[in-house]
Amino acid sequence: MNCKKALELMVLDLYGENGAAEKARLEEHLRGCAACAAEKAEMRRLFSLLDEHKPEDVPAADWEKAWTGIQAGISGKPADWRLSPAPRPFFAPRWRWAFAGATLVLVLAAGIVIGRFGFGPSPRPGGSGAQATVATAAMPTVPAPNGIRPAFAAHLEDLKPILLDYAHYVPGEKTEGRVYVDETALRTLMLQNVLLKRKLAERDPAAADLLEDLDLILKEIVDRGSNSAKSPAEIRDLIEKRDVLFKMEILKKT
Amino acid sequence: MEEQAYIRRAQEGDPAAFRELFDGHRQRVYGLAYRYLRNQTDAEDVLQETFIKAYHGLARYNPEKGLNFSAWLNRICVNASIDAMRRAKARNVGPFGPEEAAAMPATSHASDPERTARNAEIREKIDQALTRLTPKQRMIFTLRHYQEFTTREIAETVASSEGSVKKHLFRAVAAMRKQLRKYVQEDGYEL
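Those protein sequence lines, which keep their order, are chains A and B.
Just so we're aligned, residue 272 is where the first sequence starts under the numbering used here, counting upward by one.
Just so we're aligned, residue 4 is where the second sequence starts under the numbering used here, counting upward by one.
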């Protein structure tokens with residue numbers, strides 16, 4: 272047995288995974304190889320050090336919070352799998368003021384996305400003034416590798432309530448066949464969606480695919496007043512068929 | 004009721020059965036994620052991700068293919084944990100934040116400040132050494148050293164060959180040894 276093999280057997284031996292034959296072979300090698308015997312002594316000290324400073328006990332988790340998150344993650348599935356009552360419709364009257372505020376935030380966020388990632392001014396050719404240099408530095412046309420991810424995650428968070436409303440849509444229940452969506456907010460979200468899709472197309476195909484699905488769904492929602500419009504139930508089915516809510520949960524975290 | 008019955012009922016769409024499966028496996032899945040990530044928030048996220056993926060994959064799960072439910076969940080959890088670690092590294096966030104530092108156990112040498120400081124230093128070095136392993140090495144080392152899985156169980160969990168697991172384990176131990184040589188060569192840690 273060579274020393275390299277002996278080193279491997281030492282590790283397995285310390286974990287108690289060697290059979291009798293391997294143990295015997297290792298012992299035989301160690302008897303004739305002082306260097307390996309010293310190696311083994313050092314490895315035992317390493318294991319002893321690690322054991323003496325083992326990580327702390329696993330802290331208690333909040334199981335109900337975790338379960339709630341799991342339910343949210345699977346809520347795009349049929350209603351009989353929804354383990355808690357369906358959430359209150361997001362666009363119920365009591366939420367409208369909150370939604371108006373959120374719309375304002377969205378418009379501002381869209382402005383930031385456009386400014387940072389979409390249409391940052393290019394330096395003027397031949398321009399030597401300090402102003403051009405500062406503008407380029409402040410608004411890069413190519414975002415930092417991870418710079419777009421928070422915007423993507425925030426975008427998914429913004430869309431989630433609308434999609435949940437449709438995903439939980441039941442014909443004839445309370446809303447009498449209508450799901451209220453603010454037109455301005457919707458168009459802002461569509462614009463944001465297009466910009467993010469463009470930016471993520473090469474860098475993250477999975478995210479771009481999801482944004483493609485969202486684009487389709489948003490167009491159907493925007494189009495809801497026209498003659499060829501899909502019904503809320505059809506939009507719900509589209510969300511379910513493409514597993515959009517689940518993909519959002521997963522990609523939001525990646 | 005036997006676990007197989009819960010699995011069958013969950014596959015048929017019984018939410019209460021899926022909750023039973025969650026209750027039966029949550030501690031182990033969370034513990035596995037926590038031992039690897041050493042961050043409660045990330046471990047809770049991985050716990051959720053594991054069960055969401057399990058829910059969506061339940062229809063395809065077939066115990067007759069040789070992987071029991073526990074090992075199947077472990078496999079999902081391991082992949083989710085490795086992804087979470089990569090994301091944390093990409094964010095440049097160390098896995099051992101203040102939350103975790105505060106959760107470190109009180110030393111048994113509280114009356115000896117010098118030794119307490121020394122222990123804290125060693126623990127920090129161990130954490131750093133773990134952080135420097137590749138995600139796969141770290142997972143295999145964690146499963147073997149802290150979770151006490153056998154290499155065969157690890158191979159099943161990470162969907163790899165036993166030979167490949169051993170190779171990663173040897174490299175991980177060698178890297179840990181290199182990182183911690185200074186402390187290993189000092190007296191006081193001989194078994």
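There could be a bad hint or two in this list.
[Said to hold, decoys possible] Mimicking SDA-like on lysine to any residue, the simulated pairs with C-alpha atoms at most 25 Å apart in a straight line are:
(1) B/K56 - A/A477
(2) B/K68 - B/Q182
(3) B/K92 - B/K68
(4) A/K512 - B/K68
(5) A/K431 - A/M461
(6) B/K56 - A/E335
These aren't lab readings, by the way, just hints derived from the structure by calculation.
Remember, it's a predicted structure, so these values are computed and weren't measured experimentally.
Now the hints, each set against the structure:
A threshold of 25 Å between alpha carbons decides the hint, and for B/K56 with A/A477 the separation of about 16 Å falls inside it, so the pair holds. Between the alpha carbons of B/K68 and B/Q182 the distance comes to roughly 41 Å, so the proposed pair goes past 25 Å and is violated. Taking the CA atoms of B/K92 and B/K68, the gap is about 35 Å. The hint is violated against a cut of 25 Å. A hinted pair counts as satisfied when its Cα atoms are at most 25 Å apart, and A/K512 with B/K68 does not qualify at roughly 28 Å.
A hinted pair counts as satisfied when its Cα atoms are at most 25 Å apart, and A/K431 with A/M461 qualifies at roughly 13 Å. Distance restraint check for B/K56 and A/E335: the Cα-Cα separation of roughly 18 Å lies within the 25 Å cut-off, and the hinted pair is therefore satisfied.
In the structure shown, a violation is registered for the earlier hints numbered 2, 3, 4, in ascending order.
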